[in-house]
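Chains as they are written, first to last, in this note's numbering: chain A, 114 to 447; chain B, 114 to 447; chain C, 114 to 447; chain D, 114 to 447.
To be clear, the hints were calculated from the coordinates, so they are not data collected in a lab. Do not take every clue at face value.
One copy or two, either will do: identical chains are not told apart, so a pair holds if it fits within one copy or between any two.
Using 30 Å as the maximum straight-line C-alpha spacing, the simulated BS3-like pairs for lysine-lysine come out as follows [claimed, not checked]:
#1 Lys242 - Lys404
#2 Lys295 - Lys220
#3 Lys243 - Lys404
#4 Lys374 - Lys295
#5 Lys374 - Lys276
#6 Lys243 - Lys220
#7 Lys242 - Lys276
#8 Lys404 - Lys374
#9 Lys220 - Lys242
#10 Lys242 - Lys298
#11 Lys298 - Lys404
#12 Lys276 - Lys298
#13 Lys298 - Lys220
#14 Lys276 - Lys404
#15 Lys295 - Lys242
The structure presented is a predicted model; accordingly, all values stated were derived computationally and were not measured.
Protein chains: 4
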Amino acid sequence: MTDFRSDNVLGCSPEVLRAIERAAEGTQTSYGGDEITASLRRRCCELFNADVDVFPVLTGTAGNALALAAMTPPWGAVFCHEDAHIHRDELGATEFFSGGAKLITIKGEGGKLHPADLERSIDEIRNSKKTAVPACVSITNATEAGTVYSPDEMRALFDVARKNGLRVHVDGARWANAVASKKVKTNGIDILTFGATKNGTLNADLIVVFNRNLSEDLSMRMHRSGHRPSKMRFLSAQLEAYLTGDLWLSNARHANAMAAKLRDGIAANAEIVRPVDANIVFVRIPPPMVKSLETAGFRFSDWPIFGPDVYRLVTGFSTDESSIERFISVFTRR
Amino acid sequence: MTDFRSDNVLGCSPEVLRAIERAAEGTQTSYGGDEITASLRRRCCELFNADVDVFPVLTGTAGNALALAAMTPPWGAVFCHEDAHIHRDELGATEFFSGGAKLITIKGEGGKLHPADLERSIDEIRNSKKTAVPACVSITNATEAGTVYSPDEMRALFDVARKNGLRVHVDGARWANAVASKKVKTNGIDILTFGATKNGTLNADLIVVFNRNLSEDLSMRMHRSGHRPSKMRFLSAQLEAYLTGDLWLSNARHANAMAAKLRDGIAANAEIVRPVDANIVFVRIPPPMVKSLETAGFRFSDWPIFGPDVYRLVTGFSTDESSIERFISVFTRR
Amino acid sequence: MTDFRSDNVLGCSPEVLRAIERAAEGTQTSYGGDEITASLRRRCCELFNADVDVFPVLTGTAGNALALAAMTPPWGAVFCHEDAHIHRDELGATEFFSGGAKLITIKGEGGKLHPADLERSIDEIRNSKKTAVPACVSITNATEAGTVYSPDEMRALFDVARKNGLRVHVDGARWANAVASKKVKTNGIDILTFGATKNGTLNADLIVVFNRNLSEDLSMRMHRSGHRPSKMRFLSAQLEAYLTGDLWLSNARHANAMAAKLRDGIAANAEIVRPVDANIVFVRIPPPMVKSLETAGFRFSDWPIFGPDVYRLVTGFSTDESSIERFISVFTRR
Amino acid sequence: MTDFRSDNVLGCSPEVLRAIERAAEGTQTSYGGDEITASLRRRCCELFNADVDVFPVLTGTAGNALALAAMTPPWGAVFCHEDAHIHRDELGATEFFSGGAKLITIKGEGGKLHPADLERSIDEIRNSKKTAVPACVSITNATEAGTVYSPDEMRALFDVARKNGLRVHVDGARWANAVASKKVKTNGIDILTFGATKNGTLNADLIVVFNRNLSEDLSMRMHRSGHRPSKMRFLSAQLEAYLTGDLWLSNARHANAMAAKLRDGIAANAEIVRPVDANIVFVRIPPPMVKSLETAGFRFSDWPIFGPDVYRLVTGFSTDESSIERFISVFTRR
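All chains should be modelled from the sequences, with the hints used to inform the complete structure.
Written out as structure tokens, the structure reads:
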């Protein structure tokens, strides 16, 4: 059985397991006062070349919603793509954590927000005076459509945000894949929710706060929402291993390469419905072929919001190249 | 250095690490649809001899507040001891998750609620009509004072709750220690927040739902608060190991025994300010002795709400017997 | 100066003032236990031919958001038109009162939801599983576009709601105008927010609960949000006067007739951009004419979301027929 | 029938009715942009000799909870007396509006907070670090016990607040009675919820903001909680009449005088259980006398939290002196 349903069906990198084992030795101050968490913060300052605060977190949903709650008042508007995970997949987490802020969703090709559309939407909300108060923009990179904003595309969006006094959040559930794909940078970001679970940790993502004015508030929200574990070191250890020796990047490069190989192997025989910039392939597959692939032991998800017969295949840090080759072989067999 | 500040300064049981390693192999359905989580549920049904639902959770704070939010309307009253962790240590988590419910705190000797006091408080709130609507009672067992409610004490409280139409929550951050101490049972409990982190897991506690009418609501709350990890199996695996072969009980027995040994070793020379039923010793220590102990490498927490010069010492599943002996030796030396 | 900016710039019906004066005599039980509130409830049961509960309320925003909060869980989806007042004009009131429910907005010509679009949106949200749980539909009648759903149009929408297990809310800020226009009925409605302020009271609208299972919860929400005044009788008295002897309907008929007269008087010279079913006229006016009208003492609001140069003119229960004639005369002068 | 249950069973001052009638003429900008609201603000600046913002509000509960929500973060502690209306009578309004802040209740003789107790409670919460973050103190003047803090008592409490970085809220549901009794001033107050409904208006209290940094946030909260009526002028008109020509003070002086007369008339025959500083008398009445008084047509409330057989009698702006005399006559007859 080969499972392409998501990158979260995979296990974890062996380096992460070993880091947990090491962290289990001895005693440590609880609630984040430990040395591993301190070391993680130093590593992030170095990696991002900035004085950042970091908050390890159990899930991307918590990471996104806590970050956004620190960036918007309860009556604020959070601008995002209509397919954004924060809107479609988190059961109102942002609304809950923020005390009722509004997600203003915007259409955009390739899963991306476009600057003119963002500007128009901000204007409309601002002019309404009574819908919500424009507070921040949230983009996902790599996007939910498997595309990656380039550094220039990000800059153009962040310029619109800054000009309008909005803060900038990036849902980086697949940030590593975006960096591996287009060398994206963190300039202009107030808070990055830096994913790791989909790319090698067990259950540990990281909130990276560039705008440190937000940290105190965020810290309070973490505690009272049960997202500040007493043995924080076991989250931090995973993340430290993830960021050591470029494990995060090499994992992402492998995942991206596997998706590219998959796309290249089937493109002649199928409609690829979104550009494959990262580790996700959206492809139209006719029903008989779906059956053949399932019979051959492959699992993947249907994705009806991208059209009829569209399926999503996700590769990951531990995807075996031979499984890609087998998939292509079934797909291209006649 | 020997750290008695809390049981959460410790690492984890080796069985838990091995379970995580095993869980890292292969792929699994995400968000709790995996086989390990299913197996954990079966194990709990067997252990509690009841058809329960289980929700692994990152922290006890999340476990408590999510459980209580499912048991009270936003205008409900949650009755608890004035020293309850849900009131003193969670920065308003219950208020946040419930949408503004009220904790009604009650005094009680030995960290315990007493039935007549509970009844009086329920009556007062009910008669007020406009303070809050009595919704549930939450007790902690073992208590924050290191004592343990006996089965009879629990039954008497739960009778008051049932008679008044209130639901029953138990904060079992140290439930294993309570079972090891007084063979307590789960009869009459609607939801148990079953602690494990303080007693051998990395970061995994368990919400055990006996009143399954509450499960659907609880499941929604978990997701939208970021407490439903995609790789749920890594929480479930820890808990399954914890509940296999009575690891949870043997760990707790050891912790309790170490606390008893500590108490017995110093009782002749010091005032023990709370009965030591579980793994916590509250003791009055004169300042010069505090200095001597610290110099000898011991760490522990001052506990001013229990009086001047009172300190808390917590033992755990991995506390070394020789460290207890060294502590006693420093303490009783003259 | 003649003010067509909204129906809420007007004063109140003299009958309402006299009812307040009468209510000011003697003493009454507070918080809604008074005789006037009891009498209002009886009048509503008679008027709607149903056993209803009623909750007088200060504003339509409160009426809408409190009603919706009683009809949706915090993770629910409330389906509404993209121009709905609850989305555009209440600064997140529904999100606030409900604890973070999601408004799912739907496009629809003439300010109306259309059954097939509603059904498609419900399906999409239901299939997503993780966006929100479909909970209720809210329509506005008369709509924000000045149109009125016919009884058949309402029935078709409510059938979709019922088939999908959704509750039905109607924002009836201009319900009287809808009844006056198309004899609409309340069949199939769970809660009606029955407007009065725009049509003759000072500051008093009415929540009418047909599905009385929702009343207890609603009553709690009213109190804790400061919407249960101690001298309730002064709200109830306004509403009782409003519903006595068909004042509500005759006021609305006048307002509707004035809007029709306005439309008829200018239609040959201007583009009327929405059908005029009730008391609102949306019309495109060229800038020089805007200036002439303002110079002649008329005030009205620009309405850019309906297109460039579009303005909204609202008539009301006390609109003077001669002011309409003067407006037409300026408009058609050359 | 003479009703001493509360001051909110009464009607309103004739001046208030006449002001509403005047306000009903002509048209006005809605949502508080009207001339009456502007004039009310000017009157308050003059009255309080300060540059204040004012927000008319339907109820004292809304006024208190909205004010406090603007003064505390969701994880804040609001210190108040254990008998405070915000704790006992508002069904968790402060918890709801603030997003889960904690009321920390403090005992205190005569319904008053005492500086040393306040300081101790602040210290305890601050030292806990994880209960809540001290944010503000709320006192009620006149108190729920019918006593009045003197200017010196207020100053001493506010000094504690300021020294600890806390904001100051006053629940002035009976502020006029406090001014009439002890010439209290507003120095040191951030927000005053200035009651009027109990002392002559229909349904209109006033939030007076001295610390204008809080106004923008408060304004948003008003709107999204349905507490910003479109025809704001009808609230403002009541309050303007109330503050014109010292109506507020003369009404309160009458109410206070009636309570003093009542107390003086029965003091020789009964135990007065709280000092009568304002318009409330708490008195112990034996059951047979309760029966006699009820038979004679008097109504009043039992008040068990102040002891067995204790009753509350409230006088008001329109209490008839002869009704007091009749009450005394029944009470002292033998």
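Quiz item: How would you classify lysine 243 and lysine 220 at a CA-CA limit of 30 Å: within, between, both, or neither?
Solution: Cα proximity of lysine 243 and lysine 220: in one copy and across copies (22 Å, 19 Å).
Quiz item: Are the CA atoms of lysine 295 and lysine 242 at most 30 Å apart within a copy, between copies, both, or neither?
Solution: neither (38 Å within a copy, 32 Å between copies)
Practice problem: Indicate which option fits the pair lysine 374, lysine 295 if close means a Cα-Cα distance not exceeding 30 Å: within, between, both or neither. | Solution: Classified as within; 17 Å inside a copy, 61 Å across copies.
Self-check item: Intra- versus inter-subunit Cα pairing at 30 Å for lysine 243 with lysine 404
Solution: Classified as between: cross-chain Cα gap 27 Å, same-chain 51 Å, threshold 30 Å.
Quiz prompt | Intra/inter-copy verdict for lysine 242 and lysine 276 if alpha-carbon distance must be at most 30 Å | solution = This pair counts as within: shortest intra-copy Cα distance 18 Å, inter-copy 36 Å.
Practice problem: Go through the copies and call it for lysine 295 and lysine 220: within, between, both or neither, with a Cα cutoff of 30 Å. | Solution: Classified as within: same-chain Cα gap 23 Å, cross-chain 37 Å, threshold 30 Å.
Quiz item: From the Cα coordinates, with 30 Å as the cut-off, is the pair lysine 276 and lysine 404 best called within, between, both, or neither?
Solution: neither (51 Å within a copy, 33 Å between copies)
Quiz item: Is the C-alpha distance from lysine 276 to lysine 298 at most 30 Å within one copy, between copies, in both cases, or in neither?
Solution: within (20 Å within a copy, 45 Å between copies)
Quiz item: Should lysine 242 paired with lysine 298 be assigned to within, between, both, or neither, using CA atoms and 30 Å as the limit?
Solution: neither (34 Å within a copy, 33 Å between copies)
Quiz prompt | Within, between, both or neither: lysine 220, lysine 242 at alpha-carbon 30 Å | solution = both (22 Å within a copy, 21 Å between copies)
Self-check item: Homo-oligomer pair classification [lysine 220, lysine 298; C-alpha up to 30 Å]
Solution: within (24 Å within a copy, 37 Å between copies)
Practice problem: Up to 30 Å between alpha-carbons, please classify lysine 404 paired with lysine 374: within, between, both or neither. | Solution: within (22 Å within a copy, 65 Å between copies)
Of the numbered hints stated above, those contradicted by the structure are hints 5, 10, 11, 14, 15, listed in ascending order.
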